[in-house]
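Please arrange chains L, W and U on chain R, whose structure you already have, making use of the hints.
There are 4 protein chains.
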Amino acid sequence: MFLQQLHQIKAFVFDVDGVLTDGTVHVTESGEQLRQFSIKDGYALQLAIKRGYHIIIISGGRSNGVALRLRGLGIQDIHLAAESKIDIYNEFINNNDLKAEEVIYMGDDIPDLPVMKLVGLPVCPSDAAEEIKAVSKYISPISGGKGCVRDIIEKVLKIQNKWYDPTPSAHDGSINTDETLTL
Amino acid sequence: MFLQQLHQIKAFVFDVDGVLTDGTVHVTESGEQLRQFSIKDGYALQLAIKRGYHIIIISGGRSNGVALRLRGLGIQDIHLAAESKIDIYNEFINNNDLKAEEVIYMGDDIPDLPVMKLVGLPVCPSDAAEEIKAVSKYISPISGGKGCVRDIIEKVLKIQNKWYDPTPSAHDGSINTDETLTL
Amino acid sequence: MFLQQLHQIKAFVFDVDGVLTDGTVHVTESGEQLRQFSIKDGYALQLAIKRGYHIIIISGGRSNGVALRLRGLGIQDIHLAAESKIDIYNEFINNNDLKAEEVIYMGDDIPDLPVMKLVGLPVCPSDAAEEIKAVSKYISPISGGKGCVRDIIEKVLKIQNKWYDPTPSAHDGSINTDETLTL
Amino acid sequence: MFLQQLHQIKAFVFDVDGVLTDGTVHVTESGEQLRQFSIKDGYALQLAIKRGYHIIIISGGRSNGVALRLRGLGIQDIHLAAESKIDIYNEFINNNDLKAEEVIYMGDDIPDLPVMKLVGLPVCPSDAAEEIKAVSKYISPISGGKGCVRDIIEKVLKIQNKWYDPTPSAHDGSINTDETLTL
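In the order they appear, the protein sequences are chains R, L, W and U.
Heads up, the first sequence is in our numbering, so the first residue is 1 and it goes up one at a time.
Heads up, the second sequence is in our numbering, so the first residue is 1 and it goes up one at a time.
Heads up, the third sequence is in our numbering, so the first residue is 1 and it goes up one at a time.
Heads up, the fourth sequence is in our numbering, so the first residue is 1 and it goes up one at a time.
Hints are computed from structural coordinates only; laboratory data are not their basis.
Treat the hints with care, since some could be wrong.
[As the list claims (entries may be wrong)] Now the in silico label distances, taken between C-beta atoms and shown as ranges:
(1) W/N96 with L/N90: 55 to 63 Å
(2) R/I86 with U/G52: 20 to 28 Å
(3) U/E131 with R/I159: 50 to 58 Å
(4) U/Q8 with W/V135: 55 to 63 Å
(5) U/F2 with W/S169: 29 to 37 Å
(6) R/L98 with L/N90: 57 to 65 Å
(7) W/N95 with U/L98: 48 to 56 Å
These figures come from a predicted structure and were not determined experimentally.
We treat Cβ as the ideally placed atom computed from N, Cα and C, and that holds for glycine.
Next comes chain R alone, as it looks inside the complex (with noise of 0.2 Å):
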């Protein structure tokens, strides 16, 4: 059963477009691409790192701005403009001595597709490709962009009594480096 197999979850690897991010580009006049990522996740991915969580993000795009955006909140573990999904995925799991059904990965198209095959505990967000719809073993009922990475997230440290945080941070994962900005 799914709840089950996530009482063993130790790590989590994401794609960015149409997971983390709504699967639309706003482009501007020099080409300049700007995407659209959820605060409750933000809130989620940093809660999961302080309780010792991995996260590994892997995408075949290459921009900037998500790189900063992902290490403002503290994940260190990006892998941008990947050529195989499937050597990074390997990679990591063998680095980190990680067996199949200790990683949930979550994607939405096509480029997915090959190494969600692979992988223990496939998951997508509700607006995915048929394909990938398909192989998953849950589907968000929320979309890309919109919390669908906050909902598994919060499936896994409920089901292991990590979730609640007495002291929870808001940091939204800014640049910004000033420490008190009270006007």
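Using the frame of chain R, we list chains L, W and U on its own:
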């Protein structure tokens, strides 16, 4: 009863992300974050200030753009990068001789939870986290950034007969100082 | 009857935020505000001008980007940072020898209320404030910034047999002056 | 029957605003326009090019950002600021020895209407203008900028057994030229 309690409200506390914004950020290639605000919220905030209500903003985020947007609307009491929302809230009600039951607090996510358990009248947008909804005395039918702030301000001002304004301002909160812009 | 009244329309007055835009602003770190316009509205505005209708914009906001966007579509009569919408409206109908029943006014929020009580044909988007809906003779099924301006222009031009255009323009209102951009 | 006609498709013509984008523009204070594209559309466009299909873009707009986005995906035949969509379409099918029934044209608004009456297989997004829906042989269930381009490309490639790709690319169409970005 909730509506009866609105008769004595003198102050409003608002979180930013997910309350005054829709809970997402658009991220540029340089890592800058753009946030989405509602013009209808802006009208209500300006009117509440004009009517003499206290408005205070408490956010864990540290966005300079948020500060500029809210100051453009006339809000002076803005606390960003807040480590403890409880301390700021307590200082605020003490400095202004307010009782708990005279203050509305609108938050949407776990970082608001400790303080929302203390305040007299906790409320939230329609898309708040489940934990927040559970402690709220009113759940707005409107989601964050789409008018939930307007909804609660309008309810209070209407019940206190202060909503109608014969000379409404349509200032959009921009920081442009030109007085006339007829083109 | 509403549709019968459209036969005599010669002019359109539009508010900006919540009518020509979706009523939100995206705010950058430097406090700059971005607004969202509909391309379908743009097509209708260009066609109405081509057909000889008066188009006038009256807004309390003071966005330079709004002015540039609307001028790019060919609109010349743009009033921003308006202190009194009534004065501008009265001057407009006097200068152009228009009767009240020849003018449509589309607004969405309280700052439009005083003038909308005076005009001949007040209309609004589907997501207008309740006070505005109460005085409107037509509530578009479409919300602000999503085509409500197109909806009312299309209704007028169709009933006056001026909607069909054998050589439609697809100019997007950008201020780029290059005539050809084949890449 | 519509699906049978897809067997002979060799080329796709796409409008930009309302087809490849969601039909809105975000306007900055300096008048710059940002447009929203779907990453899922981007994947399908890249795959169609890899499979040897002709892709041509014809738009009345004149956005440099649109050109950069689409070239980043590998599209070479991009016509902006088009005065006559019919002339560009005719030149395209003549230069490439294509028959009308081998070409799909997806448009959404009146400027597409004259050419869509001529082409073999006119199609449109779910939110196209009524006039466009009336002449379309297929109305995608998906709206502009949200995957309607993916929908029609996927249908054609699947019926021609060219959709499955064992080595899918996840390039996001950005113009960053770094090959690896592991951080």
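Against the structure, the hints come out as follows:
1. W/N96 with L/N90: 55 to 63 Å: 59 Å, holds
2. R/I86 with U/G52: 20 to 28 Å: At roughly 27 Å between Cβ atoms, U/G52 and R/I86 fall inside 20 to 28 Å, so the hint holds.
3. U/E131 with R/I159: 50 to 58 Å: 54 Å, holds
4. U/Q8 with W/V135: 55 to 63 Å: About 57 Å separates the Cβ atoms of U/Q8 and W/V135, which means 55 to 63 Å holds.
5. U/F2 with W/S169: 29 to 37 Å: 31 Å, holds
6. R/L98 with L/N90: 57 to 65 Å: 45 Å, violated
7. W/N95 with U/L98: 48 to 56 Å: 55 Å, holds
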